[in-house]
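Chains A and B are the protein sequences, given in the same order.
327 is the number that this note's numbering gives the last residue of the first sequence; the numbers go up by one with no jumps.
654 is the number that this note's numbering gives the last residue of the second sequence; the numbers go up by one with no jumps.
Bear in mind the hints are in silico, worked out from the structure with no lab data behind them.
No residue lacks a Cβ here, since even glycine has one placed at the ideal position from N, Cα and C.
Check before you lean on any hint, since a few could be wrong.
Every beta carbon over 10 angstroms from chain B, so not counted as near; a handful from chain A, in silico [what the hints assert, rightly or not]:
#: 1; residue: G40
#: 2; residue: A48
#: 3; residue: E180
Looking from chain A toward chain B, a few residues come up when the C-beta cut is under 10 angstroms (computed) [claimed, not checked]:
#: 4; residue: V26
#: 5; residue: S127
#: 6; residue: V130
#: 7; residue: S131
#: 8; residue: A199
#: 9; residue: E254
One letter stands for each residue in the lines below.
Number of protein chains: 2
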Amino acid sequence: MTAGPPPRVGVVGLGLIGGSLARLLVARGIDVVATDVAPGSRAAARDAGLTVADDVAGAVAGRDLVVLAVPLLAMRAVAAEVARHLDPGATVTDVGSVKGPVRAAVSDAGAGDRYVGAHPMAGTERSGFVSSDAGLLDGVPWAVTVDARTDPARLAAVLGLVTGPLAGTAAVLTDDCHDEVAALVSHVPHVVATQLLNAVAGAPVRDVALGLAAGSFRDGTRVAFTDPARTEAMVTENAAWVAPALRKVARDLEAVVEALEANASVHEFFHAADDVRGTWLPGRRAARTGDVERVPLEGDWPAALVDRCAAGAVVVRLTATHAEVAR
Amino acid sequence: MTAGPPPRVGVVGLGLIGGSLARLLVARGIDVVATDVAPGSRAAARDAGLTVADDVAGAVAGRDLVVLAVPLLAMRAVAAEVARHLDPGATVTDVGSVKGPVRAAVSDAGAGDRYVGAHPMAGTERSGFVSSDAGLLDGVPWAVTVDARTDPARLAAVLGLVTGPLAGTAAVLTDDCHDEVAALVSHVPHVVATQLLNAVAGAPVRDVALGLAAGSFRDGTRVAFTDPARTEAMVTENAAWVAPALRKVARDLEAVVEALEANASVHEFFHAADDVRGTWLPGRRAARTGDVERVPLEGDWPAALVDRCAAGAVVVRLTATHAEVAR
């Protein structure tokens with residue numbers, strides 16, 4: 001296993017995430033060709049100085065690493081089109097917010113052996129190339145997902161890009177672990193934010209409420225101002241993990257209601273996460289202060305990374321011989 | 328009804344809100360004497376240049392307007408102590424996040440006829456005088472609450488302070504309207520944020536989840552990092568309005584779970600608030616672009632303001648003869 005030259009990258013899809021990724025890669029000196037189905041997005045990307053192909057073939061042929069950055073609902077069709085033009089030695093990855101269904105789409109397209117899943121944990125409530133920004137994905141945590149047949153060289157290519165030019169960290173996870181985590185920290189919060197907004201929108205006191213709404217409502221509903229179609233797709237694609245997590249939320253809230261109505265204590269509910277309050281601050285990521293472990297890129301090293309990352313570690317650097325893993 | 332000289336203000340309680348209010352009033356040239364039960368807070372306030380009394384009597388006697396700015400759980404005892412020292416012509420108000428229970432406490436203390444409720448719609452997840460800041464309450468929307476026996480002159484004193492030196496707007500509401508709205512835009516969002524944090528804190532994948540949590544989780548749980556005891560008090564004090572609103576949230580979420588499990592459409596859920604999305608932006612308050620109506624301070628003008636504010640209007644300015652009301 002040796003770290004080769006930086007990959008030539010193809011980016012398919014120039015929305016908020018694809019556009020931000022292409023901008024950041026180019027800023028870091030990577031050779032990128034991008035495309036988008038919308039002529040307007042292609043023109044805007046050209047105006048921004050990106051190299052843009054007119055179709056998927058032009059952004060895929062001759063590329064070492066192709067990133068699917070299209071909406072989840074378009075992933076299956078685009079994966080099939082990408083597979084038609086993909087070089088045999090190339091790697092396919094993506095930036096989708098669910099991983100199991102994307103792997104299934106790429107596998108069904110015949111490129112499952114060349115796929116490594118990826119998901120940058122960053123975003124905004126805006127969308128489209130017009131909102132893209134090289135800073136959005138600079139130095140953010142990524143989830144990178146594997147299964148038993150993942151090619152270690154291809155995993156190394158993705159980890160090298162994430163921890164190198166993109167200056168990020170990578171949690172190497174199974175698709176299921178990612179999708180369960182994404183349900184908890186992203187998809188369920190999106191549903192709940194939508195519900196908070198719906199509750200006010202449908203209330204008789206709506207006009208007074210919107211006039212007086214302050215910080216807690218603004219932050220609690222921020223992601224409900226995301227394009228609702230995008231949120232709906234994300235949630236339904238990951239329904240297998242969202243449904244049980246959301247059911248627990250609904251039942252726990254119902255238990256709070258019952259306690260309030262019975263004048264019973266809700267002390268336990270409000271203090272259940274006190275240990276997290278003491279260590280994890282919103283907006284400030286937990287400092288990775290533990291020792292860095294060097295995991296040799298030998299044997300089934302992807303499985304060794306999955307073990308460590310399932311316990312909260314992340315890959316912070318990839319050398320020709322080792323992955324550096326921090327707690 | 329004439330606008331008199333600015334009132335001499337007493338502030339009882341120098342936490343985040345009381346401290347911020349005292350600092351802002353002093354910055355606007357108002358004569359303020361403040362106090363707090365904690366010697367450390369009193370010393371810090373003196374160091375910050377405030378005039379501080381050693382006890383409640385010193386912050387109440389001779390004051391025209393006394394603001395109760397203590398935690399909800401302390402409100403009943405402090406209201407009784409304040410009532411003992413209050414001048415007959417003075418007005419009592421407060422900054423509590425529920426209004427019905429505070430009015431009951433002040434009435435039981437014998438000062439209900441001198442009370443006007445108030446609640447500034449601003450805050451942070453921090454607490455204590457150390458976090459107080461004159462900017463926190465500068466120009467924010469307030470709810471000001473009345474009942475059938477509210478003295479119009481005392482309401483005018485509070486409205487004059489809010490829309491004058493404090494540069495804010497005031498929605499004049501009944502206690503019930505305020506408490507229902509506060510449940511929807513603040514208390515239920517606090518409970519839901521707590522639940523999102525609890526769900527991750529108790530999950531087997533907790534360490535991975537906290538490592539990957541990004542914007543949607545950070546914003547969705549921000550207020551869960553408020554002092555949980557303060558949140559618990561706010562929610563239990565307003566249980567009468569929180570319980571039914573929270574039950575609707577829990578049931579609506581359960582319906583989403585059932586739809587997801589049945590592969591049924593959740594389109595309606597994600598689009599139910601589309602009209603609000605088009606007009607109300609998080610972090611950007613709806614512009615008050617409608618005509619300003621001048622409501623004469625004659626007859627039962629408090630009731631006239633309640634009528635207008637229940638439909639979403641707010642008082643933006645008080646003159647000697649009129650309240651200016653904007654939609």
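Verification of the hints:
{"no.": "1", "hint": "G40", "verdict": "holds (22 angstroms)"}
{"no.": "2", "hint": "A48", "verdict": "holds (23 angstroms)"}
{"no.": "3", "hint": "E180", "verdict": "violated (6 angstroms)"}
{"no.": "4", "hint": "V26", "verdict": "violated (23 angstroms)"}
{"no.": "5", "hint": "S127", "verdict": "violated (13 angstroms)"}
{"no.": "6", "hint": "V130", "verdict": "violated (17 angstroms)"}
{"no.": "7", "hint": "S131", "verdict": "violated (14 angstroms)"}
{"no.": "8", "hint": "A199", "verdict": "holds (6 angstroms)"}
{"no.": "9", "hint": "E254", "verdict": "holds (4 angstroms)"}
Comparing the model with each earlier hint shows violations of hints 3, 4, 5, 6, 7; every other hint is respected.
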